[in-house]
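Using the sequences and the hints given, assemble the complete structure.
FYI, in this note's numbering the residues of the sequence shown are 4 to 385.
Simulated from the structure, these hints should not be mistaken for laboratory data.
Heads up, the beta-carbon is just placed ideally off N, CA and C, and yes, glycines get one too.
A hint or two may mislead.
Computed Cβ-Cβ distance ranges for the label pairs, DEER-style [stated by the list, open to error]:
#  : residue 1 : residue 2 : range
1  : Arg214    : Pro31     : 41 to 47 Å
2  : Thr339    : Val37     : 54 to 60 Å
3  : Pro31     : Asp157    : 49 to 55 Å
4  : Ile148    : Glu246    : 18 to 24 Å
5  : Phe309    : Ala342    : 16 to 22 Å
6  : Gly245    : Ser310    : 28 to 34 Å
7  : Val46     : Val107    : 23 to 29 Å
8  : Asp331    : Pro381    : 39 to 45 Å
9  : Glu131    : Arg340    : 23 to 29 Å
10 : His29     : Glu326    : 31 to 37 Å
11 : Thr44     : Leu119    : 16 to 22 Å
12 : Ala129    : Gly245    : 33 to 39 Å
13 : Arg340    : Gly261    : 27 to 33 Å
14 : Gly115    : Pro330    : 44 to 50 Å
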Amino acid sequence: MVRSLRAVLPSVPGPADHSDDDTAIHTPSTRNVVWATVATTAVGVALVLLTGAAVFLLGLLVFLPAFAAALCTPRQTALVSAWVTAFVIVPVFIRSEEHFVDRVILALFAIGFGALAVYSSRMRIAREGALVRLRSTAAAMQRQILRPLPVLTDDVLVDGVYEPLQQDKLVGGDIYDVAATPWGTRVLIGDVQGKGLPAIGMAIDMVGAFREAAHREPTMTLLIDALEAAVVRHNDYAAQRGEPERFVTALVLGVGAGTETQVITCGHIPPYLVEDDVVTAVGAENEHVPLGLANLVDEPRTVEWFSFPAGATLLLCTDGLTEARSPDGTFYPLETRLAGRVDISVGRLIGSLVDDVRDFTAGSQQDDLAVLTVRRAPHQEA
4 MVRSLRAVLP SVPGPADHSD DDTAIHTPST RNVVWATVAT TAVGVALVLL
54 TGAAVFLLGL LVFLPAFAAA LCTPRQTALV SAWVTAFVIV PVFIRSEEHF
104 VDRVILALFA IGFGALAVYS SRMRIAREGA LVRLRSTAAA MQRQILRPLP
154 VLTDDVLVDG VYEPLQQDKL VGGDIYDVAA TPWGTRVLIG DVQGKGLPAI
204 GMAIDMVGAF REAAHREPTM TLLIDALEAA VVRHNDYAAQ RGEPERFVTA
254 LVLGVGAGTE TQVITCGHIP PYLVEDDVVT AVGAENEHVP LGLANLVDEP
304 RTVEWFSFPA GATLLLCTDG LTEARSPDGT FYPLETRLAG RVDISVGRLI
354 GSLVDDVRDF TAGSQQDDLA VLTVRRAPHQ EA
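Structure representation (structure tokens):
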């Protein structure tokens with residue numbers, strides 16, 4: 004049985020970590036808007052008294068509604084516009100003999116610019132509302148495509164982070180999933196070739212194929228064959244639409260009650276086993292071609308076994324981590340950086356790696372990023 008632990012265990016933000024703040028339009032409070040408007044006006048008045056350039060400095064206040072339009076609600080923008088308009092118009096009647104024409108022009112400009120600011124604010128709010136609704140829909144779709152982390156099964160606890168290159172899409176070409184089956188827990192991580200919506204379409208098909216085949220196929224090789232068939236079918240449909248064929252690099256783990264664990268690597272980065280302050284790449288000896296390319300080779304895909312004892316941690320990732328580059332073009336040295344973090348708790352390991360790769364690349368993310376940690380279930384480590 005698969006259990007989501009989002010409400011129980013602390014975790015690095017996963018694909019479903021979108022709070023209400025991500026789906027809300029942020030505007031300042033009306034009190035803050037009033038205080039800012041009054042303060043700005045007071046500064047303008049003080050400058051007028053100091054310089055005597057009333058028309059010029061009052062003209063600067065006319066642009067205050069533009070700032071409100073960019074930050075505030077239409078009602079708040081209307082309030083600022085009305086304040087500025089009144090502040091500009093009143094001197095026209097009080098001291099009409101001085102710079103009368105200039106003041107009238109300034110007053111008309113204030114009225115027109117204030118109305119335009121309110122209209123702009125309304126358009127901005129409408130546009131942001133549409134984006135919020137689209138993001139909410141995308142977040143709901145993402146929760147269906149990628150399982151929220153962490154996930155606990157009878158065999159393992161899987162945690163991780165997922166960051167698509169284009170944050171507004173929330174889903175990219177990197178995939179992962181966890182399935183608790185009669186033959187143990189099976190964990191998938193993969194990377195679809197290419198970018199954009201076609202790659203996302205392949206990713207959706209791959210996750211769906213894994214969820215169905217993981218519970219149907221009794222062996223890991225049959226599971227991989229089912230995923231291969233899913234990629235071939237998708238490519239057949241893509242060819243009918245004139246789209247290019249794609250392959251998928253993938254890695255599938257099979258973890259049971261014993262310490263021996265199965266892995267099949269199809270052109271993907273091998274997992275790293277962290278045990279007793281030692282980092283070892285496992286599953287790299289029998290690396291096979293990516294999914295979708297099996298017809299190019301004669302060798303069948305086979306399973307590799309390795310020891311995965313209680314207390315050890317497996318780190319799985321996509322090339323968004325290993326191929327991240329520094330500003331001078333150097334690739335991120337994952338194994339070296341991981342070895343330097345063996346003393347960090349598992350709960351902080353992924354966050355530490357993600358922060359480190361951001362520093363290494365100077366904040367320039369170049370690809371989708373998926374990183375998972377796999378540990379024995381807590382009751383097995385007890």
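Taking the hints in turn, this is what the structure says about them:
Between Arg214 and Pro31, the C-beta spacing of about 45 Å keeps the proposed range 41 to 47 Å intact. The hinted window of 54 to 60 Å between Thr339 and Val37 holds, with their beta carbons roughly 56 Å apart. Checked against the given bound of 49 to 55 Å, the beta carbons of Pro31 and Asp157, roughly 50 Å apart, stay inside it. Checked against the hint of 18 to 24 Å, the pair Ile148 and Glu246 passes, with Cβ atoms roughly 20 Å apart.
Restraint check, Phe309 to Ala342: a C-beta distance of roughly 18 Å satisfies the suggested window 16 to 22 Å. Distance hint check: the CB atoms of Gly245 and Ser310 are about 48 Å apart, inconsistent with the given range 28 to 34 Å. At roughly 25 Å, the beta carbons of Val46 and Val107 sit within the given window of 23 to 29 Å. Checked against the hint of 39 to 45 Å, the C-beta distance between Asp331 and Pro381 comes to roughly 43 Å, which is consistent with it.
About 39 Å separates the C-beta atoms of Glu131 and Arg340, a value inconsistent with the hinted range of 23 to 29 Å. Remark: the range hint 31 to 37 Å for His29 to Glu326 is upheld by a beta-carbon distance near 35 Å. In this structure the hint that Thr44 and Leu119 lie 16 to 22 Å apart at CB holds, the actual value being about 20 Å. Between Ala129 and Gly245 the C-beta distance comes to about 36 Å, which sits within the given range of 33 to 39 Å.
The beta-carbon spacing between Arg340 and Gly261, approximately 31 Å, falls within the hinted interval of 27 to 33 Å. Between Gly115 and Pro330 the Cβ separation comes to about 48 Å, which falls inside the hinted range of 44 to 50 Å.
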